[in-house]
Structure formats: C-alpha cells, structure tokens
Amino acid sequence: MTAVVRSELLKIRTTRGWWAYLVVLVGLVGIGAAAEVGSRTLDERSGLDFQFALVDLIGITSLLAIILGITIVTSEFRHGTITPTLLATPGRERVLAGKAIAGVLVAILFAVLAILVVLVVASIYTSIDGGQLEFAHGDVAERAASNVLGVVLWLLMGVAIGSVVQSQVAALVGSLVWLFLVETLLVGLFSLLDVDAVAEYLPFHALDGADGTGGDNLLAYGPALAVTLGWIAVLGAAGVVRTSRRDIT
Amino acid sequence: MIEVDGLSKRFGKTQAVAGLSFRVEPGTITGFLGPNGAGKSTTLRSVLGLVHPDAGSATVLGVPYRQLDQPLQQVGAVLEASEVHPGRSGRNHLRVQAAAAGLPDSRVAEVLALVELTAAATRRVKGYSLGMRQRLGLATALLGDPEVLVLDEPANGLDPAGIRWLRDLLRSLAAEGRTILVSSHVLSEVAQTADHVVIIHRGRLIQQAAMADVLAGASGSTRVRTPDAERLRTLLGAQGVSVSEAEDGALLASVATERIGELAAANGIVLHELSVEQATLEEVFLELTGGETTE
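Protein chains in written order, with the working numbering: chain A, 1 to 249; chain B, 1001 to 1295.
Among these hints, one or two may not hold up.
Stated by the list, open to error - Selected chain A positions facing chain B (Cβ under 10 Å, derived; list incomplete): (1) Pro90; (2) Arg92; (3) Val95; (4) Arg242; (5) Arg245; (6) Arg246; (7) Asp247.
Rather than coming from a laboratory, the hints here were simulated on the basis of the structure.
Predicted, not measured: the structure shown is a model, and the values here were computed from it.
For every residue, glycine included, the Cβ atom is placed at its ideal position computed from N, Cα and C.
Please take these sequences and the hints and turn them into a complete structure.
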C-alpha cells in the first residue's frame, strides 16, 4: 500500500496543476488574511472572534481539496493513464484507497500551508499599526483542527464523487452546479414543503456543518460529521463498485 | 505461459471475442494477427485484467493477471501509446510506474537509455512524436525486467529505422528467454520476428502454428515464363488449373512445377523460366481471413 500511495503522491506532484493549486491557495488565503486584519480595529483583534475568523480561512482550501479529489480519480480516465495504473496495481479498490490516502495527505498539507500563510500575512499586517498577533486561547487550536478535518472531508468527498462519475468534466461541473445551484434550489423547495430540516442532510450542507465553524440552518458539529461520513461512504462504495466493474478499453 | 481459454466478450451489439482459445509457449515470440476489429486488443486487455470476459478465462504465468504478486516485474505491456499524461515528463511517467511497483529510480534511467530516450526524458510527453511515445511505452513495459511481454501494435508510428530497432530489441529480448506476444498489422515485420503466429478473425481463432508451418502449408504458386504463353494458358485451363498473369507477363499457376514442365515438353512449348513462388505471410493472411485487410 505504501508503494501505491507513493506513486499517487508522485502523480499529483508531477503535473503543472500542482503548482496552480499552491499559487491559488497562497493567493486566496493571503488576501483573505489581509482583508480580515484590515477590517478589524486594534481592540477587536484581541478577541476570540478575530482569531476564529483567521483560522477559518483554512476553509478556503476546501474548494481546492474537492477539485483535487475529483481530479486525481477522473484524470486517469480522461488521459487513459488508468491503464498503466491498473497494470502496476491490478486491485482497483487498492488504487482508489491509495488515491484517498494520498489525497488526504495533500489536503492536510494544503491546510497546514494555509495556516502558515495566515500566520505570516496576519503578523505582518497587524504589526503595521503596532499591534501583535496572538492566538491565546486553546479553543483556537481546536477550531483550527476541525477546519483541517473539514478540508480532509471535502477531499474525500471529491475522491468519492470522482470514482462514481469518472468523467472529469461531468464530475467537476456537476459538483459545482450541485454545490452552488441545486442545493440552494432544494433548500427553497424543502422550505415550501415545510420540511426545512431535510436540507441540513444534503451532502454539501452536511460538509459545511462538518468544518466546525457553525452557521445558520446547519446540523450541529457531531451529526454533521456523521452525515458527511455517511455520504462519503455511500458514494465511495458506489465508486468502488463502478470502478471494479468497468472494462478499461 | 499465456493461456486464453474459451474467451468471449461482447460490447453492446458487437461480439468482440467469441470462444477464443490459444497458448503462448515460454521463450517464444508469437505474432498475434487479425484484421482491425478482429478482437486483438480486447483479447490482450483481457489477458492483462483490464477487461472482464463474459465467459472463459485468460491467465499469465498460470494465474489471472490480478493475482500476480508483482505484476510489473512479471509481465510488461505496451498498449496504446496515448495512455500517458500529456503534462508529465517521460521520466516522471516512468517514476510513477516504478514507485507503484517498488522499483528504484535508477531503473528508470536504465530503461530510458535502453529505448534511447534519455535526451528527451525531462520534456513533457505532449511534445513527443508517436515514435517517441512508443519508445516510452516500451520503456514502461521493460521497467520491471519482466519475463513476459505483451505488445499491442508496438511498431505503430515508428519510422523504418525505428521498426528495425524494435525488431532487433524484440529479438534480443527473446534471446534472453522471454516470452513475447506481439500484435501487429505490419505483417512483414511479424514474419521477420515471430516464430509462432496466432491468427484471429471476428473474435475466433483461425490458425495457431509455427511461422514456418504456416508458410509451408500455404498454397504457393508456380511461376512460368514462356514465349508461347497463350497456348500454355489454354492447355492448363483445359486441365482445370487456375492461371493468373504476373506484372512482367509471366504466368502464375496453382500447380506443381513438375506438371507444367511435363505439359510443356509434351506440347513442345519452350520455357524460359520455371520456379516456385513462396507464399508470403500477407497472402496466407488474406487467404485465411477472406481478403479483409488489416487497415
């Protein structure tokens, strides 16, 4: 399994897309951190609210994580590289497991990189008007940890979706349309039908609740985690079945 | 070594392979021939565990491909040359495969040198010619120094020098005792390289035999040159022998040289040339597959 994961990590690192992920990540998180500092007064910046807002910037990488998760599976079908991959590792569930593990490692790297960018940018910006950046409270570390876990879950959701859909364009476009359009429409529909609470169980609403940052009309943290893992398990199982049965021609 | 037994596979309405059985013996080069759409690729992909047969089985080294302990160290395969990420360099493509097989990066450099691709190794595959992609495919197959090689149309896209290079490479690999199954539509290439042939058509086995037997068993023809061609032709026709005319005006008759010599002597016909025309693999192939070409 180590060999499979090493190979998958090498795949991720050896295309230009990898650098695009890193550039976008540093750019978006950096801008977010600068804006966050700039919008607060010196006083506000000593509060827990501000510190939470800073570590919540880790969540920006969630979108990158789900795109990466979808891509590491679907790119194999798009470019036909699934053939050499399966020749080296004929067990298809092993290949998918290797992708999930490699993806999780990269998602953690994304989140850690985001934290570093936040620390660097926020320290520089706070020092400009003589302030000092402090992360006093243990709650902040906990909040950061649940944000990191959130990014990992988005990655896993991407791998699960990719293994079910397999077409790269359909998976990427479909996920974004579902995320930004379909779930919003469903929320409205459920509201009209007077079953508002059902919306909280939709995959991306569950994911939203599972990053530990709270929000309106979302499940509590624990249940959100459970529902998210349920979606990932169901989609992942369907993906394993579909990938195993597929003829690679 | 490679054993296909009663293999059948249908894609939608197309029966790609229908009850195909053949064996590839250890240490031989076997040419796998058939017109386009005969089911060659489907068969090879079934052998490699990529396609699930509807019925029958395909094994390599006695087991289904999926049960091999170290697939890349046991079986090397070249399928379509396009199955490489265009944005990855040739070297990184090989490193990815080497990592999955637990092979060291030093092996990557070795196979790059073997296929003479070292100079282009760090360039992205997008910029490779078809011939370079074929070489990269061969390098991938040879990474694990496998004892069995399965090659699907490896000569595609190679220039004449490349084809000669491939032929020499395959021969030296076979001389090392490896088993090679190679499909090709360049029949003359197979004739020069393979010692066995498996010919399939519409998913069924047409013939499996040693190359020499295939050519020997084929109906060759007799070539005759005579100033009295019309008369000889009429005489042969009267005996039910089919005669055709070669480009240079000589006659090609489907009958033994002795019969023609006797016939000519009996009728006082002068012969300028009387010789046996050996059938080529191409002719055998067209005969066996009912005239459908591979292209």
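Query raised in the report: Which hint numbers does the structure go against, in order from smallest to largest?
Result: 4
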